[in-house]
Amino acid sequence: LPLSVAAKSTFSTDEEQTPFDDITTYNNFYEFGTDKSDPAQYASMMKTSPWSVTVDGECAKPGKLNLEDILKPHSKEERIYRLRCVEGWSMVIPWLGFPLADLLKRFEPTSKAKYVSFETLFDSEQMPGQKRNVLDWPYAEGLRLDEAMHPLSFIATGLYGKDLLNQNGAPLRLVVPWKYGFKSIKSIVKISFVEKQPDTSWGRSAPGEYGFYSNVNPEVDHPRWSQRKERRIGEFRKRDTLMFNGYAEQVASLYSGLDLRKNY
Amino acid sequence: MRAQTAVQIREPYFTKAFKPVVFALALLPLALLGWGVWQDTLGANPIETITRSLGEWTLRFLLLTLLLSTLRRATGWVQGIRLRRMLGLFAFFYGVLHLLSYLWLDQFFDWAEIWYDIVERPFITVGMLAFVLMTPLALTSFKAAIRKLGRNWQRLHTLIYPLTMLGVLHFWWLADSKSRTEVPLIYAVLLAVLLGERLWRWSVPRFSKTPVTH
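Quick note, the sequences are listed as chains A and B, same order.
Residue numbers 41 to 304, in UniProt numbering, belong to the letters of the first sequence in order.
Residue numbers 1 to 214, in UniProt numbering, belong to the letters of the second sequence in order.
Mixed in with the good hints there might be a few duds.
[As the list claims (entries may be wrong)] Once the Cα atoms are required to be at most 25 Å apart in a straight line, the calculated SDA-like pairs of lysine to any residue come out as:
1. A:Lys-269 x B:Ala-188
2. A:Lys-302 x B:Ile-118
3. A:Lys-269 x B:Ile-50
4. A:Lys-76 x B:Gly-36
5. A:Lys-269 x B:Leu-99
6. A:Lys-76 x B:Thr-41
7. A:Lys-202 x B:Gly-43
8. A:Lys-269 x B:Val-119
9. A:Lys-171 x B:Trp-173
10. A:Lys-269 x B:Trp-104
11. A:Lys-171 x B:Ala-188
12. A:Lys-269 x B:Gly-43
13. A:Lys-76 x B:Val-119
14. A:Lys-76 x B:Arg-198
15. A:Lys-269 x B:Phe-109
16. A:Lys-202 x B:Ile-50
[What the hints assert, rightly or not] Label-pair ranges, simulated between beta-carbon atoms:
17. B:Trp-115 x A:Thr-53: 30 to 40 Å
18. A:Asp-176 x B:Arg-10: 53 to 63 Å
19. A:Thr-53 x B:Phe-142: 52 to 62 Å
20. A:Glu-55 x B:Gly-36: 24 to 34 Å
21. B:Leu-30 x A:Pro-263: 45 to 55 Å
[To be verified] Stretch by stretch, here's where chain A covers chain B in the computed footprint (C-beta under 8 Å, at least three residues):
22. 42–48
23. 127–137
These are computed hints drawn from the structure, not numbers from a lab.
For every residue, glycine included, the Cβ atom is placed at its ideal position computed from N, Cα and C.
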């Protein structure tokens, strides 16, 4: 879809965008290896067509949809978001896609649905990194339903006006800009509406390091990284990390009354 | 004994050619990093690449330094020992650059933040400790110090064992809790082999015709 057709969003930042080459060669996608350069090297092994997504759990219209049917009702828009990795680096990425809420509403979640969980494709023939037991496969992530329904939460199918490359989570991925990057699960094949807070891969791997919320928070350190500062890819000096990655105005109210030090 | 049959490099080739070549090779990693900066081939996050590469080279030179006397005992190549000071000093050299890249490129000499890192993050704590232990070894590596310290020099320089272990631990703890430990594991295994050989020679005296020095 040409950029001129994509609607401009008021949620977009006008900060300088990270070069396409950096966005597509510096990736954490352990399904293809744990080095930042592995995904760009091996992600072509993944077949993104045909692709289907299973929707189940507490909703009126569960089912298995192929990618075309997922995408059809949504017009694409561009969202230029900051992305902050838990490792202390950040990028600015012009995503292409549609609000997550618009997708989720189609399945008519019931009143029992309190959380949404997501899963990435699990097939070690296509994702050689899954042959090693570095995480609990398939990769799983989750959001509280109100987080998922927030207008900032986004499903990306492209960036820089082009279709997503596999290393960035083709054919569709989540983008939750106020949380650390690993929450934005890639190459989604399953969406479940659930009553209880779901497990996440990183949470299972190291519960003391990766909490369910994982909101960007300069006040709460990761055991191995101070989260007070970050290096924007392409910049020399570090910059201060902002609460909720600079989206506090939009999302802080989601967490009123919640102790963010405990609920990291 | 195998020790007498091993091939030695003829003098003066060892001093005039072999040693300078090793010296030049030891500078190559730095040169390649410099070239990478110049040509912008170090990826999206060159500072991370530089810091990690310098850290790994520090470990590699420490292991090479430890390898020389193992090699002598295993093959009888006695000349290698004459490279030990040079390789040990290269380990320190890369260690200084590794530390400097952290202090400068990572923290921009924000001493409060650095202190906080040392106290709060165990992998930084052990890395700093390894560096602190390496410093007196580098400072006493010249002839006058060796003469002056006598037997204590030998004792002091056994610090290479704990400091290399701390270096490997530093790398291990940097890795994610469950994943990414494969490369640090390789260093741990190599170190275990080098230390194990010493332990074995030391505990089985009949093999230790050549005394166990580092």
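Hint check:
With a C-alpha separation of about 32 Å, the suggested pairing of A:Lys-269 with B:Ala-188 is violated against the 25 Å cut-off. The hinted pair formed by A:Lys-302 and B:Ile-118 meets the criterion: a straight-line CA distance of about 24 Å does not exceed 25 Å. A threshold of 25 Å between alpha carbons decides the hint, and for A:Lys-269 with B:Ile-50 the separation of about 19 Å falls inside it, so the pair holds. Annotation: proposed proximity of A:Lys-76 to B:Gly-36 holds, straight-line Cα distance about 17 Å (limit 25 Å).
For the suggested pair A:Lys-269 and B:Leu-99, the alpha carbons sit about 19 Å apart, so the restraint of at most 25 Å is met. At most 25 Å may separate the alpha-carbon atoms for a hinted pair to count; A:Lys-76 and B:Thr-41 meet this at roughly 14 Å. The straight-line distance between the Cα atoms of A:Lys-202 and B:Gly-43 is roughly 22 Å, inside the 25 Å bound, and the hint therefore holds. Proposed proximity of A:Lys-269 and B:Val-119 is supported: the alpha carbons are some 18 Å apart, at most 25 Å.
In summary, the hint linking A:Lys-171 to B:Trp-173 is supported, as the alpha carbons are separated by about 23 Å, within the 25 Å threshold. Only pairs whose Cα atoms come within 25 Å are accepted, and A:Lys-269 paired with B:Trp-104 is accepted, the gap being roughly 14 Å. About 23 Å separates the Cα atoms of A:Lys-171 and B:Ala-188, which keeps this hinted pair within 25 Å; it holds. For the hint pairing A:Lys-269 with B:Gly-43, the CA-to-CA distance comes to about 21 Å; that is within 25 Å, so the pair holds.
Distance restraint check for A:Lys-76 and B:Val-119: the Cα-Cα separation of roughly 29 Å exceeds the 25 Å cut-off, and the hinted pair is therefore not satisfied. Distance hint between A:Lys-76 and B:Arg-198 is unfulfilled; the C-alpha atoms sit about 38 Å from each other, more than 25 Å. Proximity of A:Lys-269 to B:Phe-109 is assessed by CA-CA distance (about 14 Å); at most 25 Å being required, the pair is judged to hold. Distance hint between A:Lys-202 and B:Ile-50 is unfulfilled; the C-alpha atoms sit about 32 Å from each other, more than 25 Å.
For B:Trp-115 paired with A:Thr-53, a C-beta distance near 34 Å keeps the hint of 30 to 40 Å intact. At roughly 59 Å, the beta-carbon separation of A:Asp-176 and B:Arg-10 lies within the given 53 to 63 Å, and the hint holds. Taken as a hint, the range 52 to 62 Å holds for the pair A:Thr-53 and B:Phe-142, whose Cβ atoms sit roughly 56 Å apart. Our hint of 24 to 34 Å for A:Glu-55 and B:Gly-36 holds, since their Cβ atoms are close to 27 Å apart.
For the pair B:Leu-30 and A:Pro-263, the beta carbons lie near 31 Å from each other, so the given range of 45 to 55 Å is not met. With 5 residues having a Cβ less than 8 Å from any Cβ of chain A, the region 42–48 of chain B passes the three-residue criterion, so the hint holds. Beta-carbon proximity to chain A at under 8 Å applies to 0 residues in the region 127–137 of chain B; the threshold of 3 is not reached and the given coverage is violated.
Checked against the numbered hints listed earlier, the structure breaks hints 1, 13, 14, 16, 21 and 23; every other hint is satisfied.
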